[in-house]
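J.: Sequence:
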Amino acid sequence: MKKIMTVFAVTVAVCATLIWIARVGSDTALSIKKNGFVNVTGYAKKGIKADLGTFETVIMAKNADLKLAYDKLAFDREIVRQFIDGFHFPEADIRLEPVSVQERYKVNEKGYDTPELDHFVVSQSFKVRSPDVLRVQQIATEAGDLLGKGIELRVVSPEFLYTKLEELKIEMIGKAASNAKERAEVLSKNGRFRLGNVSDMRVGVFQITPLNSNDVSDYGMNDTTSIDKEIKSLVEVNYFVK
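Sequential numbering from 336 applies to the sequence shown in my numbering.
Be aware that a few hints might be false.
Computed cross-link-like contacts, EDC-like style, restricted to lysine to aspartate or glutamate with a CA-CA straight-line distance of at most 16 Å [as the list claims (entries may be wrong)]:
1. Lys381 / Glu565
2. Lys381 / Glu501
3. Lys384 / Glu501
4. Lys397 / Glu438
5. Lys462 / Glu413
6. Lys499 / Asp386
7. Lys384 / Glu565
Please keep in mind that the hints were generated in silico from the structure rather than gathered at the bench.
Only a predicted model underlies this, so the values are computations on that prediction, with no experimental measurement involved.
The whole structure should be built from the sequences, with the hints applied where relevant.
T.: As structure tokens, then:
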């Protein structure tokens, strides 16, 4: 008798659960039909590789005598140029910026500049812009070795860019919209309603991040630190329902 009662109780529980699920589905369908549309979000993701890299290094020399500062800069510039030439970039990819001169004044005991000149700082930068992103990454990694040769320099973090972004954005919007339609069709089959035409569509910001990164921003992201990246797109679509 106990066994029969147990089986009966389990059967009642299962039936109640199925009725609840059916009712939720029915309520959802009624709600969608009452509102007149269904809202879905589509998502698309694609791996991309940077096709342009930039590298910059700034050489500096200091001296109270401006000529001596220039001479030191010229000497160090030749060493840096030989270093860059060792990576065999085409000449068109290398640019030497004009020399910059700054005056530094002595500071008093309160930390304020005085009218008395202390020394000059002369600087000049090399910029490399190349589609060979792996070579750009290599030169940026090895540029620090120049410090061991007595050269004062600053290495700017390299940037890796994807230059066909506008064309890709159109493709990603299309893929995200297709994904939204697939989701809407699944909802319509399970929610007892038919999809109509698109009521409206909103395209979200693009997230371009390092590969496998979960970083997001409300304003979108455009990573320049990595060669291998991902572009992610979201679209929100409203469909009329029948």
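J.: Of all the hints numbered above, which does this structure not satisfy? Sort the numbers upward.
T.: Of the numbered hints, all hold.
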